[in-house]
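Trainee: Chains as they are written, first to last, in full-length UniProt numbering: chain A, 1 to 337; chain B, 1 to 337; chain C, 1 to 337; chain D, 1 to 337.
Across the chosen pairs, the derived CB separations fall in these ranges: (1) B:Q302 with D:A131: 31 to 39 angstroms; (2) B:Q302 with A:P110: 46 to 54 angstroms; (3) A:T214 with C:D70: 41 to 49 angstroms; (4) B:G263 with A:G204: 36 to 44 angstroms; (5) B:G11 with A:A101: 50 to 58 angstroms; (6) C:D70 with B:P74: 18 to 26 angstroms; (7) B:A157 with A:R50: 33 to 41 angstroms; (8) A:G226 with B:A327: 44 to 52 angstroms.
Calculated from the structure, these hints are not laboratory results.
For glycine and all other residues, C-beta sits at the position ideal for the given N, C-alpha and C.
So the chains spell out like this:
4 protein chains.
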Amino acid sequence: MHAYEIQAGFGLDKLVRVERPDPVPGPMQVRVRVKATSLNSRDLMMVEGRYNPRQKLPLIPNSDAAGVVDAVGPGVTRVKSGDRVMGLFSQAWSAGEPNRAAQVSTLGGPLDGALADTVLLHEDGAVPTPAYLSDEEAATLPCAAVTAWSALVTHGALKAGDTVLLQGTGGVSIFALQIARMTGARIIITSSRDDKLARARSLGAHETINYVTTPDWDKAARALTGGMGVDHVVEVGGAGTFEKSLRAVRPGGTVSVIGVLSGGAGAVPLTSILMQNLRVQGIFVGHRQGFEALNRAFTQHQVRPVVDRVFAFDEARAAFEHLKSGAHFGKVVIRVV
Amino acid sequence: MHAYEIQAGFGLDKLVRVERPDPVPGPMQVRVRVKATSLNSRDLMMVEGRYNPRQKLPLIPNSDAAGVVDAVGPGVTRVKSGDRVMGLFSQAWSAGEPNRAAQVSTLGGPLDGALADTVLLHEDGAVPTPAYLSDEEAATLPCAAVTAWSALVTHGALKAGDTVLLQGTGGVSIFALQIARMTGARIIITSSRDDKLARARSLGAHETINYVTTPDWDKAARALTGGMGVDHVVEVGGAGTFEKSLRAVRPGGTVSVIGVLSGGAGAVPLTSILMQNLRVQGIFVGHRQGFEALNRAFTQHQVRPVVDRVFAFDEARAAFEHLKSGAHFGKVVIRVV
Amino acid sequence: MHAYEIQAGFGLDKLVRVERPDPVPGPMQVRVRVKATSLNSRDLMMVEGRYNPRQKLPLIPNSDAAGVVDAVGPGVTRVKSGDRVMGLFSQAWSAGEPNRAAQVSTLGGPLDGALADTVLLHEDGAVPTPAYLSDEEAATLPCAAVTAWSALVTHGALKAGDTVLLQGTGGVSIFALQIARMTGARIIITSSRDDKLARARSLGAHETINYVTTPDWDKAARALTGGMGVDHVVEVGGAGTFEKSLRAVRPGGTVSVIGVLSGGAGAVPLTSILMQNLRVQGIFVGHRQGFEALNRAFTQHQVRPVVDRVFAFDEARAAFEHLKSGAHFGKVVIRVV
Amino acid sequence: MHAYEIQAGFGLDKLVRVERPDPVPGPMQVRVRVKATSLNSRDLMMVEGRYNPRQKLPLIPNSDAAGVVDAVGPGVTRVKSGDRVMGLFSQAWSAGEPNRAAQVSTLGGPLDGALADTVLLHEDGAVPTPAYLSDEEAATLPCAAVTAWSALVTHGALKAGDTVLLQGTGGVSIFALQIARMTGARIIITSSRDDKLARARSLGAHETINYVTTPDWDKAARALTGGMGVDHVVEVGGAGTFEKSLRAVRPGGTVSVIGVLSGGAGAVPLTSILMQNLRVQGIFVGHRQGFEALNRAFTQHQVRPVVDRVFAFDEARAAFEHLKSGAHFGKVVIRVV
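Sequences and hints are given; from them, build the entire structure.
Mentor: What follows is the structure in structure tokens.
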């Protein structure tokens with residue numbers, strides 16, 4: 001099999017192409033020929049050593065896989081050779097509460113990931129690909145779309161008429177836009193670029209805020225709700241935006257913490273959380289039952305994931321650089337074969 | 001009526017005794033002759049100008065009232081003269097989600113509070129006192145006990161066998177101990193003093209940690225759960241303890257933010273919230289339906305609130321000084337008449 | 001004031017027009033000049049003596065009111081003269097769990113209702129009318145739309161991609177269709193008439209079943225879900241349809257009981273409820289917080305209630321006869337002034 | 001291996017002892033040497049052909065197993081030889097919503113069950129036995145205790161101070177008593193025999209009703225709540241008791257349907273469900289995550305399952321006859337080896 005490895009140390013320049021022998025699926029495992037993978041901030045941080053500096057190497061990075069089963073191990077009954085599947089981020093998280101097993105069974109670290117033409121999955125960690133999606137599209141779902149679903153639906157119980165505030169136009173935010181749209185919520189979205197805001201509007205955003213020209217985007221969002229505050233913020237910025245997110249939300253509202261783009265730690269006004277009766281919910285992607293519900297909803301609405309750009313397998317580093325530049329809108333994909 | 005006012009500026013030394021004309025209850029209002037009031041951190045912060053520096057003065061402080069109805073305004077049907085009642089902290093919060101009206105109808109600021117022999121309540125904000133409780137005991141419930149109930153039951157859905165970590169032995173923590181005990185949870189509690197820990201154990205705590213001799217109380221708590229982490233932390237410390245609280249809790253667990261004794265803002269590791277799928281829930285006391293449920297539970301179990309010390313009305317400042325010293329265990333009460 | 005009364009006994013022919021002195025709003029009450037009222041099965045059953053044979057007479061029937069405040073009693077702050085409002089079915093149910101007070105404060109029995117040009121409401125029971133709605137449209141919301149909202153959203157937590165099965169094209173079912181549509185669910189609806197099914201489809205239903213030509217509509221609905229069963233059934237038929245509803249729903253699914261058109265008691269297969277892990281949820285309209293959430297959602301989506309036909313105040317009996325005939329699609333309204 | 005089979009037809013007299021070759025665990029399977037099994041109504045109905053007349057034969061009955069792992073198949077990591085385990089009723093239900101796979105992976109039909117000295121389990125369907133329990137005690141948990149937990153905790157969210165009504169003193173009811181007791185609820189229990197009621201009281205029941213001498217036990221239960229109605233009824237009787245259960249419960253309360261001892265179908269007053277806003281929740285045992293939570297709670301409280309009587313493996317028919325007689329209190333157990 002062909003793969004990229006983080007091998008002798010961290011850094012995009014340390015990402016090297018390797019050949020490994022084809023793996024043989026063990027009991028309840030399936031071998032998937034990867035057609036496409038997509039990039040998440042987590043993958044970039046992993047390669048650069050910022051996600052888990054103690055990660056054992058070599059590691060094949062990337063959490064998102066879409067492909068076709070070509071061999072199954074003993075006992076497998078859920079899928080069969082020829083099935084199109086996507087990888088479940090936490091291979092051992094079927095439903096309900098997360099636990100330690102869920103945390104340590106994640107693709108792209110500690111388990112080998114999908115920046116390769118072959119990956120081994122547990123049969124419970126191989127989710128059927130909706131027929132209407134291409135592999136490139138399917139490869140965008142396992143982390144970003146499931147995270148947005150967990151935030152808004154599983155934990156957020158978003159309902160029609162609620163107002164949701166989205167930050168930027170990266171993968172999770174755009175999926176959150178599409179999910180909020182399906183759900184009948186009102187959508188406010190921020191970006192540093194008006195062209196991205198215009199595109200978000202064409203996807204269904206109701207209100208847009210350029211946070212460069214309107215640095216007090218929290219007040220602007222609040223004003224758009226008649227001063228009440230939004231019901232839900234999907235926080236991707238981390239330390240640099242969290243305090244404003246707390247100011248944008250209504251009493252009793254929710255801030256989902258799904259990313260830490262601008263830093264993982266910062267001064268947090270606990271007093272606001274207390275006095276506004278807020279809920280701050282960390283989202284570690286999600287479980288299989290949520291992924292399946294997402295697929296039903298996307299299929300029902302024939303939602304097309306927004307693929308920013310598709311890179312060739314040879315261009316893996318360029319793909320990461322593109323993600324890092326922040327120029328993208330939606331998901332960055334690598335076509336594997 | 002007799003009362004204390006924050007009058008010409010903030011500070012315990014500015015708290016002055018005044019006489020006011022007896023108020024006449026308006027529509028749906030009841031006049032309560034206050035028998036006892038208890039002190040909360042919020043009350044101390046309010047008097048000292050740290051809670052809301054823009055609070056309009058004069059203000060009668062104190063959120064907790066227990067007494068007897070002696071006059072009712074037009075339209076009142078829920079209570080009648082002679083009824084023993086307690087004040088609901090948010091006079092306008094019956095049930096469900098909080099809103100702006102709930103936030104601005106709180107006793108002891110912005111509304112006049114209970115450090116007085118008379119207070120006006122909305123009839124919906126006058127909750128019947130359980131018959132088995134004295135007025136001094138009843139006066140401890142409206143903020144501290146309702147907060148602990150909201151944290152553990154309304155929002156926390158605590159169940160038998162769960163492990164809860166409590167910080168210190170102040171009013172909310174001791175009520176949380178009593179509620180967790182009723183609910184069948186396992187209780188770990190911290191304090192700086194072994195005598196307080198011994199007393200907590202006599203009230204039903206299963207495990208105790210002296211955080212002076214064991215500064216890594218987060219690790220100690222985690223070790224007591226076999227390394228899994230506790231299900232729920234009731235966070236009263238604020239910035240000084242929050243980071244450790246996040247380390248003590250299990251994946252998917254909850255940290256209730258109910259106090260900020262050691263500071264209202266600090267560096268918060270958002271990455272932990274995200275990767276552990278944690279829920280951080282701010283608790284702004286609670287609604288009437290929760291208060292009534294608490295009263296049913298306390299009555300069923302004949303729970304006796306832990307009254308640390310009862311001060312006379314003349315000793316109001318001394319009572320606040322006692323609270324401020326941190327020497328108390330449970331609730332500090334002022335007997336009004 | 002002008003009104004209709006059930007006076008000397010039950011029956012549509014006993015409904016008589018009367019004059020009463022204009023009521024004066026008491027504390028916290030508002031007087032509303034009714035512009036329109038709509039009819040529910042409950043109203044018909046009440047007039048015919050089938051809802052509560054022990055209801056004290058005389059009674060002004062009808063639960064649904066839309067109109068304009070023209071006088072307010074002492075203490076009123078939430079609304080003012082000139083405000084357009086709708087009546088809350090349970091005048092005393094703000095949020096959270098229902099209780100006895102909620103059950104006995106319902107308009108159109110035991111409280112006097114809205115088949116009159118004037119009605120007294122509690123200020124908490126007067127909900128602002130969304131500006132985009134006419135009074136005739138607004139008069140359709142308080143019972144039927146709130147019931148559908150409570151069933152699908154408050155209790156049902158319906159999410160995008162779920163499949164919901166609706167029975168017939170009466171008021172609640174059509175509102176349920178509109179709410180399910182906003183929420184991104186897949187909608188299957190039944191009727192005895194193909195023209196009604198076509199109209200339902202034009203409103204957004206995805207699948208239709210004529211239960212006359214397809215008497216095994218439960219199997220047909222199940223087949224439409226690939227044999228899995230639907231997620232939610234809004235049961236309006238009662239005894240005549242309940243057993244089939246249980247067969248149409250998936251393991252772990254929900255049947256909301258909101259009507260008993262074909263009878264209030266019948267053989268119920270408890271074994272199915274048990275073995276399919278089903279939830280059967282009775283819906284007694286809903287609380288104010290739900291009504292307000294509904295209004296936000298309807299306003300956001302500019303949902304137009306489906307008014308079947310508007311009768312004049314003089315034609316009240318004819319309006320009831322029309323409802324009784326079952327010929328309607330959506331809501332039957334009476335224009336009062 | 002030794003086993004009993006339902007072989008040539010249904011009926012207790014058709015239950016025959018057989019020898020089968022020892023099974024070999026497949027991928028992810030474990031082989032358990034059964035030490036004890038307990039009897040449930042379901043098992044009796046299965047043997048008599050009343051549970052599923054189309055069940056394929058031969059079948060080894062009994063859903064409850066406790067024993068020791070003595071061989072593991074390829075890929076097994078959760079348990080190892082020598083581990084004490086209990087069988088999970090639905091071998092394929094880890095957490096979250098039930099589905100078809102959960103329904104068809106149940107021990108004692110359609111899968112072979114535990115009336116044998118050996119049983120094959122999926123590794124996810126083998127739950128560690130709490131160390132403080134004997135095998136006879138552990139064998140009582142998988143169906144009856146998990147059902148009671150699912151009813152009261154998972155679905156019921158029972159809290160301290162709630163009132164729960166239990167019917168009779170069979171396995172589920174006594175576990176419900178013990179769980180409700182841990183949880184701080186108030187317990188009302190019915191029986192036809194005063195000696196059983198006395199024993200229930202010694203286990204922690206607060207109120208008892210002899211339904212022979214007090215046939216209107218619903219009214220008696222309601223009276224014990226001051227007329228409000230109980231919060232939760234655990235319905236084991238089925239058609240013969242369901243209507244009274246609906247009358248005993250408060251507005252907004254819950255009736256868990258867990259058994260149908262007196263019949264599986266009967267006239268159900270849907271109108272009551274509707275007008276009282278009731279929730280009727282079917283309980284099909286429960287998932288692994290619930291079973292684990294139960295074990296934590298039982299261990300924390302060192303709850304001892306109530307074993308009515310232990311029969312020898314040779315006495316299997318007598319054990320079933322004893323269960324059928326209704327003379328038992330708590331669980332009937334068969335010691336296998």
